[in-house]
Amino acid sequence: MNSRPTATSPSQLWFKRRVLPGFGLTLGFTLIYLSLIVLIPLSSAFLKASGLGWGAFFRAVSTPRVLAAYNVSFGTALLAAAINVVFGSIVAWTLVRYRFPGKRTLDAAVDLPFALPTAVAGISLATLYGPNGWLGGPILALTGIKVAYTQLGILVALIFVGLPFVVRTVQPVLEDLDLEFEEAAASLGASRIQTIFRVVGPELYASIATGFALAFARAVGEYGSVVFIAGNMPMKTEIVPLLILIKLEQYDYRGATAIAVIMLVISFLLLLVINALQRWSNASRIR
Amino acid sequence: MPVESANNRSLGFSVITNVQIIEGRARPPKGRPAIRDSLGIRLGLILVAILFLAVFVLVPLIVVFTEALKKGLGVYFASLTEPAALSAIELTLFVAAIAVPANLFFGVAAAWAIAKFDFPGKSLLITLIDLPFAVSPVIAGLIYILIFGAQGWLGPFLQEHDIKIVFAVPGIVLATIFVTFPFVARELIPLMQAQGSEEEQAALSLGASGWQTFWRVTLPNVRWGLLYGVLLCNARAMGEFGAVSVVSGHIRGLTNTIPLHVEILYNEYKFSAAFAVASLLALLSLVTLLIKSIATWNVSASAQLREPSTGK
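So the sequences go chain by chain: A and B. Taking our numbering, the leading residue of the first sequence gets 361, the next gets one more, and so forth. Taking our numbering, the leading residue of the second sequence gets 38, the next gets one more, and so forth.
Source of the hints: derived by calculation from the structure; they are not laboratory data. Backbone N, C-alpha and C fix where the C-beta goes; we use that ideal spot for every residue, glycine too. You may find that some hints are simply not true.
Straight line, CA to CA, 30 Å or less: simulated DSS-like cross-link-like pairs of lysine-lysine [stated by the list, open to error]:
id: 1; chain 1: B; residue 1: 307; chain 2: A; residue 2: 596
id: 2; chain 1: A; residue 1: 596; chain 2: A; residue 2: 506
id: 3; chain 1: A; residue 1: 506; chain 2: B; residue 2: 107
id: 4; chain 1: A; residue 1: 506; chain 2: B; residue 2: 307
Taking CB as the label site, the calculated pair distances span [as the list claims (entries may be wrong)]:
id: 5; chain 1: A; residue 1: 558; chain 2: B; residue 2: 190; range: 37 to 43 Å
id: 6; chain 1: B; residue 1: 77; chain 2: A; residue 2: 395; range: 32 to 38 Å
id: 7; chain 1: B; residue 1: 306; chain 2: A; residue 2: 416; range: 37 to 43 Å
id: 8; chain 1: B; residue 1: 247; chain 2: A; residue 2: 416; range: 49 to 55 Å
id: 9; chain 1: A; residue 1: 442; chain 2: B; residue 2: 80; range: 41 to 47 Å
id: 10; chain 1: B; residue 1: 260; chain 2: A; residue 2: 502; range: 48 to 54 Å
id: 11; chain 1: B; residue 1: 80; chain 2: A; residue 2: 434; range: 36 to 42 Å
id: 12; chain 1: A; residue 1: 406; chain 2: B; residue 2: 196; range: 23 to 29 Å
id: 13; chain 1: B; residue 1: 236; chain 2: A; residue 2: 612; range: 37 to 43 Å
id: 14; chain 1: A; residue 1: 565; chain 2: B; residue 2: 305; range: 45 to 51 Å
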């Protein structure tokens, strides 16, 4: 740390830094631990991929089977996130605005996908939505649609893992919202629908977009809850994380790494988008 | 508004802080007829919300227990006490006993540095701490194989010295630490930022040492958030599947954790046994959520008690 009084930082900052102990120690430990556990291991994937050369890298990530897997993963993850936006917003709205019996249980249930291990969710969803399951059976009998072991099954699993994100980003914003704006709109003659879409809606867009991006990011990389219900047919119901695992088991480390690097780059970009969205969401909340 | 910016950056886990900041402002609009939705709309939306959560969350949870008990309590307990299950439970406890304290220690250190001090690159550091949330668990396993595997950077060295990391317990521990890396830090940072450092400065100026200040002032203030962070970290550590699946090598009785044991049983069509073992993890997650609900209730109750005096 430098000892000269900095001109840029407010004097109060400087005061804080001097008074509280442990800055060097905790930041140093944080940086070392972060590097050893996260940054150096992650960079090994990029190093390995850079050893492939562009031609080999491009060939590894553009085979029909890999492209099909990207298609399945991104398509179902997008759809699942979109479904979570619709129903997640409804859940958030009912939890904030209405009183009804069982509300606390419902509120707690929203967090279950965070806490329930993915493999447990996976076997349970596969059983429930399988041809003999409580839900899969009737759906098959009534509509002839198979849920488990199709892309629909993947969608169900991804809705499950992404479910908490939209609810938990929209809920606090909704709770913070001043009811007076809605009353003012109503007293000025707006219908309830107009009020919802013109007054409440714009306040929620940023948090809904954040929830969508979080649910999507989580769904793209999801493995445990999907493999049991997906059926895992190459070209049809094979997701990217599974394909990486299959390549590893065939000792095709280069292929696995190339696919993983594409996924990592997309994850980083998503993280940046999410950060930007959250800044937007904060800006609209502080206003 | 550092409170809200910190709070909103989290990847959806900092539920406790959300509640604390809200302080019960927007009550259900009782007695505000202008913005009261009609009974039909209310009932309809509540029904949609309940059905959605039932179909995707509650019924799957119930299925775990009904399937586990389908063949009776005898089969249930037999599945939990067979040697392979016991060794999986033992390994899972062992892994969590290393991964959770490691990430707890890291989380507290990171939160102290980030919440109590200002330094350049702080927001980048917070983003980097979030990274493991954004990385697919399978990739988390892969990167350790690229380093420690036979073909990896350190492979030849490790083979020479007869050290096994991947396809052995150390690899499982490392992969688990990676995937549970952000939990405690992400829970603590917004809480500690919201609390500022005035109380710590007061303690120090009254002659307390740095450690005393931390133990007596900082820690009691964040205890519920810390507890929830640790519990979530623990639930994820014990339940991690993808990353562990990649690095474990699936050696039965040696490198099988509870989720991997569940997978093997399920793939062998021993469904009752698979669900019986899975029900242990489901119970763990239920306890986690229960304590979280209690914590949230405590925090929001104390926030409401404080509200009039702080004039917020």
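Hint numbers contradicted by this structure: 5, 6, 9, 13
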